[in-house]
Amino acid sequence: MIKRPLLTFLALLVVGLAFEFSVNAYIQLTIIYVCVNMILAMSLNLVSGYTGQFSLGHAGFMAIGAYVSAFLAFHFTIFPESLNFLNFIIFGLIAGMVSGFAGWLVGTPSLRLKGDYLAIVTLGFGEIIRVVLLNLETVGGARGYYGIPGFVNYTFAGITLSRFVSGFGVSAFWLVITFFLIYRLVYSSHGRVLISVKEDEVASEAMGINVTRMKVWAFVISSFLAGIAGSLFAHYTNYLNPSTFSFNQSVNVVIMVVLGGMGSLTGSIVAAIIVTLLPELLRPLQEITGVDLRMVIYSFSLILLMILKPNGLFGQGLGHGKKSKAA
Amino acid sequence: MMDNLIRFVLVTMLSLAFLTGCQKENANEILIGQFGSLTGNEATFGISTDKGIQLAIEEINKVGGIKGKILKVITLDDQGKAEEAAQVVTRLITQNKVVALLGEVASSRSLAAAPIAQQNQIPMITPSSTNPKVTEIGDYIFRVCFIDPFQGTVMAKFAIENLAAKKIAVLRDVKSDYSVGLANFFTETLVKMGGEIVADVSYQGGDVDFKAQLTEIKGKNPDAIFVPGYYTEVGLIARQARQLDITVPLLGGDGWDSSKLSEIGQDSINGSYFSNHYTNESQEPMVQDFINKFKAKFNETPDGLAAMGYDAAKVLIAAMQNAANLTPKSIRDEIAKTKDFQMVTGKISLDEQRNAVKSAVVVKVDGPNFKYVTTVNP
Numbered sequence: 001m002i003k004r005p006l007l008t009f010l011a012l013l014v015v016g017l018a019f020e021f022s023v024n025a026y027i028q029l030t031i032i033y034v035c036v037n038m039i040l041a042m043s044l045n046l047v048s049g050y051t052g053q054f055s056l057g058h059a060g061f062m063a064i065g066a067y068v069s070a071f072l073a074f075h076f077t078i079f080p081e082s083l084n085f086l087n088f089i090i091f092g093l094i095a096g097m098v099s100g101f102a103g104w105l106v107g108t109p110s111l112r113l114k115g116d117y118l119a120i121v122t123l124g125f126g127e128i129i130r131v132v133l134l135n136l137e138t139v140g141g142a143r144g145y146y147g148i149p150g151f152v153n154y155t156f157a158g159i160t161l162s163r164f165v166s167g168f169g170v171s172a173f174w175l176v177i178t179f180f181l182i183y184r185l186v187y188s189s190h191g192r193v194l195i196s197v198k199e200d201e202v203a204s205e206a207m208g209i210n211v212t213r214m215k216v217w218a219f220v221i222s223s224f225l226a227g228i229a230g231s232l233f234a235h236y237t238n239y240l241n242p243s244t245f246s247f248n249q250s251v252n253v254v255i256m257v258v259l260g261g262m263g264s265l266t267g268s269i270v271a272a273i274i275v276t277l278l279p280e281l282l283r284p285l286q287e288i289t290g291v292d293l294r295m296v297i298y299s300f301s302l303i304l305l306m307i308l309k310p311n312g313l314f315g316q317g318l319g320h321g322k323k324s325k326a327a
Numbered sequence: 001m002m003d004n005l006i007r008f009v010l011v012t013m014l015s016l017a018f019l020t021g022c023q024k025e026n027a028n029e030i031l032i033g034q035f036g037s038l039t040g041n042e043a044t045f046g047i048s049t050d051k052g053i054q055l056a057i058e059e060i061n062k063v064g065g066i067k068g069k070i071l072k073v074i075t076l077d078d079q080g081k082a083e084e085a086a087q088v089v090t091r092l093i094t095q096n097k098v099v100a101l102l103g104e105v106a107s108s109r110s111l112a113a114a115p116i117a118q119q120n121q122i123p124m125i126t127p128s129s130t131n132p133k134v135t136e137i138g139d140y141i142f143r144v145c146f147i148d149p150f151q152g153t154v155m156a157k158f159a160i161e162n163l164a165a166k167k168i169a170v171l172r173d174v175k176s177d178y179s180v181g182l183a184n185f186f187t188e189t190l191v192k193m194g195g196e197i198v199a200d201v202s203y204q205g206g207d208v209d210f211k212a213q214l215t216e217i218k219g220k221n222p223d224a225i226f227v228p229g230y231y232t233e234v235g236l237i238a239r240q241a242r243q244l245d246i247t248v249p250l251l252g253g254d255g256w257d258s259s260k261l262s263e264i265g266q267d268s269i270n271g272s273y274f275s276n277h278y279t280n281e282s283q284e285p286m287v288q289d290f291i292n293k294f295k296a297k298f299n300e301t302p303d304g305l306a307a308m309g310y311d312a313a314k315v316l317i318a319a320m321q322n323a324a325n326l327t328p329k330s331i332r333d334e335i336a337k338t339k340d341f342q343m344v345t346g347k348i349s350l351d352e353q354r355n356a357v358k359s360a361v362v363v364k365v366d367g368p369n370f371k372y373v374t375t376v377n378p
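Protein chains in written order, with my numbering: chain A, 1 to 327; chain B, 1 to 378.
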């Protein structure tokens, strides 16, 4: 069992190398965006899908992670530039911890309540983060934070590996951690507790479960991972602007979770791929017709998918025991 | 059954992603990439610029293109988002293989895109990103507009010399770097010239109620109010100011330049002044020629952004004609040499920082028309 994450990671690295030599930088950038969105979707799924709490502030946690990591990269170097991807892993970890702490601050008071309060609080929180960043001159304010140290090219024996390789390597590393962390958590006794909280808070409380603690716990892990996604985003794009982390971005992550199916990691992964790729796929259409039908078709396909599969693509039976015929 | 169908559709769509990359290359075409906000909050900016560029390209293609090749512009929408701008520019460079880039209006998107152009050594001309930082990214990034410090100076000079207004209130949009920068440069020059900032308050782009800020300003009795924001908010601010009996003129920058300004501000905005790249009242034959052609094609009067788009494309076309060959490198070198080039928005020379040295005009709002007041030279 312990070998599987490692194997997955190695397999992903091979895939990454294959992409390095087969596709151009635009598709590579899109692939990195897919990875970032996968981490975001899976982490939100832990809160929304498994624990049943509705959060609308994921972009806020992502923003904290992105800006903290970028800030650290500007002011500290641990490893020399030739190994700078190791820096980014460490900065990502710190950024994640800061996000996790923010998640704890937000979650502790608001998760005590039942119902939709969390949605309102996290919504407000996300906006606060954005407005603070907008007014923080040290990280560029509204102009944006640019020139962030990022992944570099490597040359071995005449072969140049682009920044995509190290970027994808780090993404794969976090992707594997995210997946196995949530997967194993959900299938452990703690995970059962989380699901019981979702199913019926009163009943689980009667069974002696500290409901608030479990909810806060899930929320902190989720914010931690969102922070890491933000860090990846910051170092690959080398530019951050507060407008990226608007309410729309939070909603986008919610879309991925719902589209993939609440409480399905596979679903989140597939949905992250679709939601990221579909608008890009439709770009040639704009080049050919000259009319921007992109967002119309994109939104329309989302509506269609939700009508045809109201539980999301993989959203049946939580993946526990009862497996649907389709999955 | 339904599931299989959905899965089939999904797989087809995803595999298409990689197939669409293989576009046919046409040896008789020169590809130019354009990226802009064709949708989103600042859509009129992107659309106007796009029209200007289209017009310039159409003109050159009518006379046979450049070196026997037809120019083709690939326009992609970035929805006014920085991360989309980065993605779109990467696409234009690596997938469409353009030799030059035109875009963006907003400085924040240009800042996201410029490092990518620089890294891939593709020349990029921004029509109207006025933030000084944009061209500092590298030697492949140019602009054909003046920069914010100049624009702020122009309005400060104008306020003191032409309006004899010494006490000025500033109302800035903290959400926009453009607005904050302009307000700072304006303040600096005004104070240096002996003026006084009696109030400095702020709002956020997207706000609709400005009465609190305006009431505060009213208490200070300024001679004029400097509002370096975008047209939507400025229109609303003007109306609310008149409702509060503030009768002094408003001053602003090129973010005001939209036909929507008077639509939103109605009578209240009349008599206010802003600095702009050009005036359509100019009797220069080139300007009149441009306006006529634009009207014939799009059936509307071009705004400043359309003129800037047109000019950016013109600079690029001239550079391509002069270049020994059509590689990005030689096009870049020719753009850098641009000197005393006559354009719709004035004579332009590019300095060593790849910024345009050119004059600005101050216009007065009079309903849907902007009346020419004065020209300020650098």
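Please keep in mind that the hints were generated in silico from the structure rather than gathered at the bench. As the structure is a computational prediction, the values presented were derived from the model and not from experiment. Some hints here could point you the wrong way.
[What the hints assert, rightly or not] Covered by chain A, per the in silico footprint, the following chain B stretches (three or more residues, Cβ under 8 Å):
1) 151 to 160
2) 175 to 189
[Claimed, not checked] Here are a few chain A residues that sit away from chain B, every Cβ distance over 10 Å (derived from the structure):
3) Ile27
4) Leu134
5) Ser189
C-beta: ideal position from N, C-alpha, C; glycine also.
Enumerated hints in conflict with the structure, sorted upward: Hint check: 1, 3, 4 fail, others pass.
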